[in-house]
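Top line first, the protein sequences correspond to chains L and X.
Start counting the first sequence at 1; every next residue gets the next number (my numbering).
Start counting the second sequence at 1001; every next residue gets the next number (my numbering).
For the record, the hints were derived by calculation from the structure and aren't laboratory data.
What you are looking at is a predicted structure, and each value in this text was computed from that prediction instead of being measured.
Be aware that a few hints might be false.
What the hints assert, rightly or not - DEER-style ranges, computed between Cβ atoms: (1) 18(L) with 1112(X): 50 to 56 Å; (2) 49(L) with 1058(X): 31 to 37 Å; (3) 34(L) with 1204(X): 51 to 57 Å; (4) 1149(X) with 39(L): 42 to 48 Å.
The C-beta atom is built at its ideal place from N, Cα and C for all residues, glycine as well.
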Amino acid sequence: MELFRYAASIYGDSRVVIGASWDLLPWFVAAGAAFIIVHAVVKAIAGRRGHAS
Amino acid sequence: MSASETSAPVTPVVAETGERVLRHKLVDRLYHWLMAASVLILIGTAFLPIVGWKFEWLSLHWMTGIVLTLLVLIHIVRALIWQDWRAMIPDGADIRDGVRNIRAAVGGGGPAPGKPGKYKILQKLYHLAVAILVLAIIASGLLMLLKIDTPFWKRNPYWFDADTWGVVYSVHGFASMAMITLVMIHIYFALRPDEWWLTRSMFRGTISRKEYGEHCDASRWRVEDRA
């Protein structure tokens, strides 16, 4: 997996960056999902602890 | 030390409408929902073709981008002139209460965190992150308009060399993907039952007196008593 998208330069002798790699898209979605899950679990545990005390 | 003893700036006095407290004026709610629609259209037109849903996305994308640019410009002018922009900047009391909240969440002792003013520290940090990303997306997006023909101008792809265009496109791409993460988190908080009082206020504009007392420090977000 690469961080960037590349294309051949107009001279054909090198690669130039043309943008961010779209392979990263699932990782950004996963980061959002991970935050949501972790937050929901922490809040649920904290809420249960609050009810118990 | 209570919040009222800190040097934190107190947000402007806000209007109370009978038993309800005005939290978001109509113009601010309109801005929020128009920005939300713009961002969702921009995300859809940017990423649906990438995941395989092919359609003519470019015209809708750049025109919506122009709309978002105008909305953000209006918001910046309004925030700087008619609103207290400092209310959205984390202050000492926010940081202190944030540390206390973390300590309480992990079961540590110490004093209980105080209530926030109009906005919690996480809302302020979220706003800061969105502001950075949206400004990066707008700046890079406006430059990218130079590479397409529109009814208003002809493309000029030679404005920058290939390497510089690569930087511009990379900034636009990374910031746009990060916006998906932030939009997911924003919608999650809006749907959480313990945050419904905030979500409702973005529809109705007001919160109840009870919600104001439960969630906000009156010394940090004062309500003008007009009743």
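Against the structure, the hints come out as follows:
no.: 1; hint: 18(L) with 1112(X): 50 to 56 Å; verdict: holds (53 Å)
no.: 2; hint: 49(L) with 1058(X): 31 to 37 Å; verdict: violated (52 Å)
no.: 3; hint: 34(L) with 1204(X): 51 to 57 Å; verdict: violated (32 Å)
no.: 4; hint: 1149(X) with 39(L): 42 to 48 Å; verdict: holds (45 Å)
Going down the numbered hints, you'll see the structure goes against 2, 3, while the others check out.
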